[in-house]
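Chain by chain, the residues run as shown.
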Amino acid sequence: MTLQKAVAIAVIGIVLTLQGRQLWYPGEPQHDRYWPFVNWPMYSISVHAPKQFSRQSLRVLACPAGAEVAEVTHEDAHVETFVFYQMLRAATDSGPSGEAMTDTLESLVKRKWPHPACGIQLWQQTFHIGRQGLERADVPWVLVWERRPEAGASWSPEPASRKDP
Amino acid sequence: MRRVLRALDRYWFAPARLQDLALFRILCVGSWLLFFFPGMERTQPLATADAHLFHPLLVVKILMWPLGPWGVRPGPMFLHAVFLGTMTAGVFALIGKYTRPSLLILAAGNTLLWGHIYSYGWVHHGPILLSVAFWILAFSPSDAALSLDALQRRRHAAAHGMRFEPVPPTAESEHAGWPLRLVQWLMALIYLSAATSKLHDGGLAWMNGYTLVYFTATDGIRWNMPLGIWIAQHPGIAQLLSIGALLLELTFFMAILVPRLAWPYVLGSIALHTGIFFAQRAPFFEHVPIVFAFIGSLRRYPLWRRAPAPARPPWTVVYDGLCPLCIRTMVTLDFLDLRRRLSYLDLEADWQRVAALVPGLDRERARSAMVVISPDGVAHSGLGACRQLAKLLPPTWPVLPILYFPLSTPVGNWLYGRVAASRKRLHCTVEACAV
Numbered sequence: 361m362t363l364q365k366a367v368a369i370a371v372i373g374i375v376l377t378l379q380g381r382q383l384w385y386p387g388e389p390q391h392d393r394y395w396p397f398v399n400w401p402m403y404s405i406s407v408h409a410p411k412q413f414s415r416q417s418l419r420v421l422a423c424p425a426g427a428e429v430a431e432v433t434h435e436d437a438h439v440e441t442f443v444f445y446q447m448l449r450a451a452t453d454s455g456p457s458g459e460a461m462t463d464t465l466e467s468l469v470k471r472k473w474p475h476p477a478c479g480i481q482l483w484q485q486t487f488h489i490g491r492q493g494l495e496r497a498d499v500p501w502v503l504v505w506e507r508r509p510e511a512g513a514s515w516s517p518e519p520a521s522r523k524d525p
Numbered sequence: 018m019r020r021v022l023r024a025l026d027r028y029w030f031a032p033a034r035l036q037d038l039a040l041f042r043i044l045c046v047g048s049w050l051l052f053f054f055p056g057m058e059r060t061q062p063l064a065t066a067d068a069h070l071f072h073p074l075l076v077v078k079i080l081m082w083p084l085g086p087w088g089v090r091p092g093p094m095f096l097h098a099v100f101l102g103t104m105t106a107g108v109f110a111l112i113g114k115y116t117r118p119s120l121l122i123l124a125a126g127n128t129l130l131w132g133h134i135y136s137y138g139w140v141h142h143g144p145i146l147l148s149v150a151f152w153i154l155a156f157s158p159s160d161a162a163l164s165l166d167a168l169q170r171r172r173h174a175a176a177h178g179m180r181f182e183p184v185p186p187t188a189e190s191e192h193a194g195w196p197l198r199l200v201q202w203l204m205a206l207i208y209l210s211a212a213t214s215k216l217h218d219g220g221l222a223w224m225n226g227y228t229l230v231y232f233t234a235t236d237g238i239r240w241n242m243p244l245g246i247w248i249a250q251h252p253g254i255a256q257l258l259s260i261g262a263l264l265l266e267l268t269f270f271m272a273i274l275v276p277r278l279a280w281p282y283v284l285g286s287i288a289l290h291t292g293i294f295f296a297q298r299a300p301f302f303e304h305v306p307i308v309f310a311f312i313g314s315l316r317r318y319p320l321w322r323r324a325p326a327p328a329r330p331p332w333t334v335v336y337d338g339l340c341p342l343c344i345r346t347m348v349t350l351d352f353l354d355l356r357r358r359l360s361y362l363d364l365e366a367d368w369q370r371v372a373a374l375v376p377g378l379d380r381e382r383a384r385s386a387m388v389v390i391s392p393d394g395v396a397h398s399g400l401g402a403c404r405q406l407a408k409l410l411p412p413t414w415p416v417l418p419i420l421y422f423p424l425s426t427p428v429g430n431w432l433y434g435r436v437a438a439s440r441k442r443l444h445c446t447v448e449a450c451a452v
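Protein chains in written order, with the working numbering: chain A, 361 to 525; chain B, 18 to 452.
No wet-lab data here; the hints were simulated from the structure.
The C-beta atom is built at its ideal place from N, Cα and C for all residues, glycine as well.
Among the hints, a few may not be true.
[Stated by the list, open to error] Listed next, with one range per pair, are the computed distances between beta-carbon atoms:
| no. | chain 1 | residue 1 | chain 2 | residue 2 | range |
| --- | --- | --- | --- | --- | --- |
| 1 | A | H434 | B | R323 | 29 to 35 Å |
| 2 | A | E495 | B | R356 | 56 to 62 Å |
| 3 | B | G220 | A | H434 | 58 to 64 Å |
| 4 | B | P62 | A | R393 | 42 to 48 Å |
| 5 | A | D392 | B | V275 | 22 to 28 Å |
| 6 | B | E58 | A | T486 | 55 to 61 Å |
| 7 | A | L383 | B | R239 | 27 to 33 Å |
[To be verified] Listing some non-contacts, in silico: residues in chain A with all C-beta distances to chain B over 12 Å:
| no. | residue |
| --- | --- |
| 8 | F397 |
| 9 | Q412 |
| 10 | R415 |
| 11 | D453 |
| 12 | G455 |
| 13 | A460 |
| 14 | H475 |
| 15 | V504 |
[Claimed, not checked] Computed footprint of chain A on chain B; a stretch qualifies when at least three of its residues, placed anywhere within it, have a C-beta under 8 Å from a C-beta of chain A:
| no. | segment |
| --- | --- |
| 16 | 198-211 |
| 17 | 214-221 |
| 18 | 363-373 |
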C-alpha cells in the first residue's frame, strides 16, 4: 500500500466515523461539541392543527416623548439572531424569569441603543393555524408591557469607548 | 474478509477523472471566496466580547493548541491575520499554485474562523460541508489538473525530456475518485441524520402538512417571505412538500449507489435548499457547489441524451520539436485548450504529415516561426498564428483585443521575431542524441 493510499484510507475512515456516529443520536439536542461533525435535529418536531404561535417586537420610544418608535433588532442589541428571539419570548412571561429578562432587555437598550430613549415596549402578534393552514398573516400587534425611565429623564447612550459584550 | 477489503479497494480507488476533482476544487474554493467566507464583521465583535462568553469548540482548542495553552482564546489581531492568510490561501488554491499547502491553510483557517464564531453559544450548520470538503481536498490530488502546479510540472517534464504529449481531459487516476465519493457519502449521512431526527422526534406526523405550515409560517412571517406565508396557507401543498423533503433526505444515498439517479437527486437537493431559502430564509447555499461532487455521474448519465455533435476538424499547430521553449509553449497551449480544438505536429518528426496538410509550406520558414494550420489548409505563422490561437482558446480571449490594437502588427512581428531569434535550438532529440 502506498503512503498516498494510506492517507486516503485514514481520511475516509475519520470523516465517515465522525459523521456516521451522529446517526445514533437522532432525538438528542444538537451536538455542537464535535462541530463540524454534528447531528441535524432542526425542524424535526411535528405540529398538529389547531396550533397558535406568537412573535415579539422590542421597540424604543425615541426622545423627546411623542417622537417616533423604532424597532430594536438583534443587530442593534449585538446579540445572535435566535438568542435575541428567545430573549424576547422569555420577556413575555409574567413571572420572575420574565421580569429578569425584561431587566436584561432594558439594560441592553441602555447600553447599545445609539440615541436617547424615553422608554421601551414589547409588542406581540399571535397567529393561529387551523384546518385550512395559517388563518391570518396580518394579525394586529398587542402591547405586552412598557417601561419608562423616571419622570422627565431619558436613557442616554453610553460613551463609545466602553466595550461590552 | 479479504474479499470485502478488495471490494472496498475497488470502490474507493476506482479510477476517476483528475479533471472532475480539479473542477470540484475550483467550484468549492471559488464559491467560498465569493460568498461563503467567514467575514471579519462577524468575527471581530465576538473576539472583543467578554471572555466568559467564550466556550471554545473542540476543533478550536485543537487548532489553537500549538499556539498556547489548551482552550486559549484567539485575539482579534490574530484572527485578522488568520482571515487574511486564509483568503490568500483561497486565491492560491483556486488558481492551483502551491495547491495542497494552500488547501491545508484554507481548511485550517476556515475551520478556525467558523469554529471561533460558533464558540459563543450558537452553532450553525451552513458552513459544515465546505469546511470538511476543504480538508478532504487538501489530502487529494486535486492539483493534478486545471492548476498552475500541474502546468508547471508538465512544462518542466516536457522541456527536460524534450518531448511534448497532449494530455486528454479524460486522464484518470485511482486517487481522483475517493475524495468525490467521500463528499457524496458525507452529504448522504447528513441528510440521513436530518431525516432520522424528524422520524424520531416528529414521527410520520412530520409529514401531516401542518408541521411544514407551522415552520414556514413562523419563519415566513419573521423574515417577511411571501412564499413561506403562501405555503403556510395551503396545508395540502405543504404536505406534498414535506413528503418530498423527507423522502429526499432519507434516500439520498441512492444517488451514490445508483449513479443514474444522480441528476434527479442533485436537482432535488438544489430545489430543496432554494425552496427553504425563499420560504424560510434559511441559507444553505453551501450545499449547491458541494453537489458537484456527483460530476462524474452527472456527465455519464445525462438527463437526456443529445445526438453527438459532429467532430469539428482540428486546427494543427506545427512546432519545432528541437526547441525547449517551443515544447513548453505547446504544453501551455494544450493546458489552455479547454475545447480540444488543437492537434500538434512536430516539424522535425512529422514533416511528411505537415507537408501533406500544406503542400507549399517551406520547412525553413516553419523552423523560424510557429505555424498554425486551419482545418481548410490555410497556414498562419508568427503573429498571425498567435492571433488565431488567441481566438481558439477561451482563456486567452481577454488578451485578444491587444493583438488587434493599432500598430500591434509591426510591434507584434518585431517582438515575435526577437523571441524566435533568441530561443535555444538543440541539434537532436534526447533519444537521438543518446544514440
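Hint check results:
1. A:H434 with B:R323: 29 to 35 Å: violated, 50 Å
2. A:E495 with B:R356: 56 to 62 Å: Because 58 Å falls inside the window, the suggested range holds.
3. B:G220 with A:H434: 58 to 64 Å: violated, 33 Å
4. B:P62 with A:R393: 42 to 48 Å: Violated: the Cβ-Cβ distance is about 24 Å, outside 42 to 48 Å.
5. A:D392 with B:V275: 22 to 28 Å: For D392 (chain A) and V275 (chain B) the Cβ distance comes to about 34 Å; the hint is violated.
6. B:E58 with A:T486: 55 to 61 Å: Since E58 (chain B) and T486 (chain A) have Cβ atoms about 35 Å apart, the given range 55 to 61 Å is violated.
7. A:L383 with B:R239: 27 to 33 Å: Holds, since L383 (chain A) and R239 (chain B) (Cβ atoms, about 31 Å apart) stay within the stated range.
8. F397: violated, 8 Å
9. Q412: Violated, since 10 Å does not exceed 12 Å.
10. R415: Nearest chain B Cβ is 6 Å from R415 (chain A), so the label is violated.
11. D453: holds, 19 Å
12. G455: G455 (chain A) is indeed farther than 12 Å from all Cβ atoms of chain B, at 24 Å.
13. A460: Nearest chain B Cβ is 18 Å from A460 (chain A), so the label holds.
14. H475: The claim holds: H475 (chain A) sits with its nearest Cβ about 20 Å from chain B, beyond 12 Å.
15. V504: It holds; V504 (chain A) is separated from chain B by about 17 Å at its closest Cβ, greater than 12 Å.
16. 198-211: holds (count 8)
17. 214-221: holds (count 7)
18. 363-373: violated (count 0)
Hints 1, 3, 4, 5, 6, 8, 9, 10, 18 from the list above are not met by this structure, while the remaining hints are.
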